[in-house]
Amino acid sequence: MTDLMPDNQTETNASPNRVSAGMDATGVRSLATKRNGREQDEGDITVGILSACDAKQPSDEDTDSPLPAEAELPGRNVLTLVLATASLTLLLSRLLYSILAASIPLLPPEIRQGVLALCLTGHAAILSIIGNLLRIRFNWSGDIGDLGESIRHQRAMVSLLPTGHLLLPWALKDLGNTLSARFERTGNIADLEESIRHHKKALTLRPIGYRIRASTLNSLGIELSRRFEQTGNMADLEESIRRHEDALTLRPIGHPGRASSLNSLGIRLSARYKRTGNMADLEKSIRHHEEALTVCPIGHPDRASFLANLGNRLDTRFKRMGNMADLEKSIRHFEEALTLRLIGRPDRALILTHLGSMLVTRFEWTGNMADLEKSIRHHEEALALRPIGHPDRALILSNLGNGLDTRFEWAGNIIDLEQSIRHQQEALTLCPNGHPERVSTLNNLGNGLSKRFERTDNTADLEESIRHHQEALTLYLIGDSARAGTLTNLGGGLARRFGRTGDMADLDESIRHQQEALTLYLIGDSARAGTLINLGSGLARRFDRTGNMADLEEGIRHLQEALTLHPIGHPDRAPTLGNLGNGLSIRFKRTGSTSDLGESIQHYTELACQPLFNVSHRLTGASNWIIAARHSGLESLEDAYSTYMDLLDRSLLLAASSIPDTHTHMVRIRRGMVGVTEDATSHAIKKHRLGEAIEVAERGRALLFTQLGNYRTPLNDLEVVNKGLADRFRALSTALDHSATSLLDTMVTLPTPGDQVARRQQIVADWDHTLTEIRQLDGFRDFLGVTPFATLQKAAADGPVILVNISRDGSYALIITATREPLSVPLPEATPDAVEILATALFECTRGDVNGPKSDQRLMKIQRDLWATIVAPIVLRLETTLGLPIGSRIWWMPTSWAWWLPLHAAGPYKSGQRNLSDRFLSSYATTLSSLIRSRSGYQSVNRVSGPRMLVVAQAEAEGQDQLPNVESEVAHICQLPTEVTVIEGEDCERDTVLTKLKDMAWVHFSCHGHQHPTKPFQSQFSLRTADAPLTLLDIIQNGLPQAELAFLSACHSASADSSSPNEAVNLAAGIMFAGFRSAVGTMWAMADEDGPVMAEHFYKYMFRNGPEGVDCRDAAKAMVMGVRELRRREVPLARWINFVHYGI
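Residue numbering for the sequence shown follows our numbering, starting at 1 and increasing by one per position.
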């Protein structure tokens, strides 16, 4: 971290480097910058020339003039040198002095060109002045050519002055400073070495007792510190500190140069603190900066720089001690500094980016979104002040990238992450090998790519991230404490790659990096926690592969130490609890120690139930709590299930607003806990709490569509009634859901101050109070809660609804009726494995040619097994216990892999025995609430005319096989006695279809349909062009106020989603939740020639009573009429059991 002048370096606190794992931690970034020249108190040849030309002896108040007092002059030969070019020299000297004092415009080109000829004649004073002017212009323009030319002039000046000449120390000092400036730009260590040699020679020309020796000591101290930053040689830093201390003793209180020495010494002490961790150095540094600021009152030219440097020291102490007052004071100092750097000042950009980074830190601790937005604006303004080619642009790009990365972590908008990565990539191109900012930029870019990998699962991002961290590691010196963060980041990336590939070499290397990182942290330093968690988790994973108990024992010890660094109430305690619980649970499985199991449950319970924690952490804790409690047989299992379901609801409520993102979120959080809802349902059934079991099943079933349907957007419903209350609840939920200093968010783990914990506790209290207030409103009693069985039971108003619950803890069917308690039907043979085998066999049987006799035989066996395993026991209870008449309607709600199976067509398939389709009329429902919603408000009105109907017909979609029977299918429909609108051929465009859909009650799709295997909302109907299909997402978002019935004469319109089989996000289900009340679809590819047959007989039945008597509740029976015709024609089994009905 570097500082603003008098060292003339703006210490830049970049945002903490971000990471994608909850255990990574590293430090902050910095960049040196110049103001107008070097330290203001050093003095230079310009001051001496002005003094000589004014023929006045400098007073005691003059700032280290190169002209000593009269008695000290060995002679007045300097006047002869100066007066030889008196008029021009005086002009240029005054011009340069004005620039240094007031930052007026630089030397105009015409004047500069006019003096070049004189420079060539060897006038030493003019050479020096021109050299300094060129260096100043470099500070404004960033043109490296100006530095090179300045160095040539200054070297010429030095060569013209003999040893012992009065002006030689200043000439050496100017040359040293300019060489140092070029080193900062190019990283060429030779320039720095030469600079140090010149400053040391200048010091020998200013012996002890020489009144202005202090300025040379200060300059030498600065350059030694720079060499320390390059080599890590502590001897350089120690010598630098001694030089600054010597300078300070020569500048007692009241000396005009004391502030500069205090500032420089404060910077060096801070550097030593970062290397050794000695708080005494940091405290002394802060005291020096505070004293320096006291002698720089408002209006002093150095006040902005001293404010910024003190702000940086306070920020450093904040990161060590966690005292929020330090951060607040740091921000105030930077805000004042910004007011002193008005628009147009060259260093305003750096103050802006400093302040922006501080605001990001405060945002991470308080969750105040205004700070984050203001931070990003400051970085953007700073970037606008640093055009392409400017040396500061890389730093500001990186800081802006960090701010956008933080906003991505908070809001989840992938656009922010993409833009952040682009900024880091541009910054890296501006930091070639040797550039001081390359290492931090590599880290930042590596972290961003790692996050994008976690979001997109693109392994190329992970590989590139690892490469960047590997290169960054080579740029640190062994033993440098800043190396710890990169080691942790690289170790995390390798661990993620191990999780992907299983390559033990990656895991072993990851552990070695975490172990080395741990040695670089002091005992008790909270920053150790992230590395301790990474290391502990890595050792536990290695134990899983090798069985080496020593790894597991060491891993648990590291995790226990990490927990001590995160006391109760600390937001980062969450991942620590989770990882330690995992380690203890693993040891329990190996040793059988009940104390380990009990302790792991204790940790999981705290993680799941602590309202201060991020909801995703709590959900993970609840899921692990369930697993552990099942091993123990404890009664807490019920609490674990209940907590999990509560958190699952809340997690989806707060998920990204877009439907695809919500589904991705839902799949991700359920991926590691497949079957939890089913297990919780089974647990309640075993306890004979059947109504509760149905409530649990409803909460977990079709999670996404529960959010999209009646219970789908409770916040949207609330907004209609009370927008202010809805906005308040959303803001509190968002604030509570993001841990202010989450290990997932920052590279530096900080202790939690009491005021932060208190603030989060207040948010929790406000959230609870607001939730209570919402539930007091009419219609919101069950807001974010359990829908009672008495309400869900209404779904069975027109016939029994059968929940088929497939669970590891025992499979059951629950038969729900409108007037009595549910019936439980044990299904002992329907284990999850057995049902998955049936689903897999069905998939293999239906994905190829379904017309051959072998296909029929295989499919018939599956249907018989399905009958024996699931359906027959249910039918027995329907017929015996309920006495359900033949021909009655029933609704199926399968779970897990049973979604893939055609329950409606199961049967013994033996002569003289009836199959299910011969007994009852089957339909499907995704949830009870969806069935209630489909019936709600629907009346079989006395129509004046038939329903308005849209036909979407595409026989020749781009890139698809031709469907020759579409024309015949459409012809049958057009003969119906109702208004029919057909969109076909060239007119079959997405926007046209969506526009027409809004005004139609019925729709018939006759085209290709495709179920997306992993992105169900991209499941689609093929229209005219391949690049513009009609997706499920298009239909759901379109809004269909008139919708009643949809017939999907398309392939795969009702097949289940393999990425989440318990969430049936298929075309038929999606159509239902888009507003249709009834839908017919297919489970797999349908035969083109079956389309006209089904359409003819389906609509013939629907219009059997004329257009005025049409009722969409007849759709299930009408579908059966079409299927009967297919059976009469003796089509293969796979073709007629393919059709299914959803809804009323």
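Treat the hints with care, as some may be off.
Under the rule of at most 25 Å between Cα atoms (straight-line distance), these lysine-lysine pairs were calculated in the BS3-like manner [as the list claims (entries may be wrong)]:
(1) K374 - K329
(2) K274 - K329
(3) K274 - K201
(4) K794 - K687
(5) K794 - K686
It is worth saying that the hints were derived from the structure and are not from the lab.
Going down the list of hints, with the structure as the test:
no. : hint        : result
1   : K374 - K329 : 17 Å, holds
2   : K274 - K329 : 21 Å, holds
3   : K274 - K201 : 30 Å, violated
4   : K794 - K687 : 24 Å, holds
5   : K794 - K686 : 24 Å, holds
When held up to the earlier numbered hints, the structure conflicts with hint 3 and nothing else.
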